[in-house]
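Visitor: Sequence:
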Amino acid sequence: MQLHSAYLAGWVHPADVFVQFYASESAAFWFDREFSEDGRFSVLGAGNLISSALSSGQDDISLALARMEYESELELPFDWRPGLVGALSYEGQEQFIEASRAIVFDHKAQGIYFVGIFEDQNDFDFWHHAALLRLGLSGGQVANYLHAQKNEEGLASGVLRHSEEQYLNMIRQAQSHISVGDVYQVCLTNEIIVQTAEDPLAVFLRLRKSNPAPYSTFLKLGETSVASSSPEQFLRVKPFGQVSTKPIKGTRPRGATPELDIAIANELQSDPKERAENLMIVDLMRNDIGKVSVVGSVAVPKLFEIETYATVHQLVSTVTGQLEESETAWSAVLAAFPGGSMTGAPKIRAMEIIQNLERGPRGFYSGCIGYLAADGSSEFSMTIRSIVFKDGVATIGVGGGITIDSDPMAELEETKLKARALLAALNAPDPWA
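Residue numbers (full-length UniProt numbering): 1 to 433.
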């Protein structure tokens, strides 16, 4: 197998192309990087679905990637390469798409790449030319799709897994564990369950406009779809083994005026509680990455930086390392999963407390979404600010890190803030109202 690529110096918006090419596919992906400062390249594709459990899936994943190994001397300006695309649930279930080809959109240069692994040039040319013919008919599909998928059944209604009082009580119980030294921080979550007739892709098309985020992703995984506007990188591995993670801890709403917005961001960056909470997760991720990295290579090049999105400011740090030669991108994911920003610290004890306090599985929420490439690279985002659809039910997970200094009411309000854009895209009312 060989990696082939062709470039088109022309532009059609990837949203229109996804609707035209992949809306009817049962397993498809869209890494939407239009609003990412360093992403630049959106990737669209489809393929066959595979699934397994993390406890038995490492060999399965390695074998699947081995089947997709290819020869290549191509130099391309983006990181994505053919491999496996999909999601891991918090509980360790994985679903991946075998993605041997994709269409890659360069938002900066306004050009389009067609890339994939094929037996020979003729096979690639056949696929490429067929895609060009369909691309020539693209334009206006999003507007038509949203009109066709308009839900006439009225607003969906949502219910909370934990009521306000139950969630506040969970926070107090977590703080009791912290006060006796069981744990330093616990990430508690709630879930909104919405019976809805809304189309998942239509919801994502609205969400990407109303709440743009650097790791926006839409996945169709058989009967399950995920619409994500995640701001957080879980793990990234370059082909030469450099691994990085960007944990987020600390959130504030955007200000109503430019002056207030700046003041809120500055307050977040200097808040002792938020910095302490962020630092706990940085230390946890340093430990996780250190398990698979060369001794002495783990570093924290960025600490307590502010990243600003459509509705919130976030406090973000960056941890890096160099993988041992015997390690892979997949083993790095396993070493760091679940992401520390969604568990607390120490991780194992925090997860035990979470299991005792939360009234059900998290599912894909607080897991991760991304790809494992056959060339050894990967990138995953945290599955937060996301909606999961299955069998006419949409679920939204929201949560936050609890420390001894946490104000329970403030933590509750933060979960409402995080749910706001997702509920609006879903046309669902506030379940706390």
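Note that these hints are calculated values from the structure, not bench results.
Where hints are given, some of them may not hold.
For each label pair, taking beta carbons as the anchor points, the in silico distance ranges come out as [to be verified]:
| id | residue 1 | residue 2 | range |
| --- | --- | --- | --- |
| 1 | 109 | 360 | 31 to 37 Å |
| 2 | 161 | 121 | 50 to 56 Å |
| 3 | 239 | 6 | 19 to 25 Å |
| 4 | 276 | 355 | 42 to 48 Å |
| 5 | 279 | 66 | 23 to 29 Å |
Small disclaimer: the values here were computed from a predicted structure and weren't measured.
Every residue, glycine too, gets a C-beta built ideally from N, C-alpha and C.
Visitor: What are the numbers of the hints that this structure violates, sorted from low to high?
Guide: Of the numbered hints, 1, 4 and 5 do not hold.
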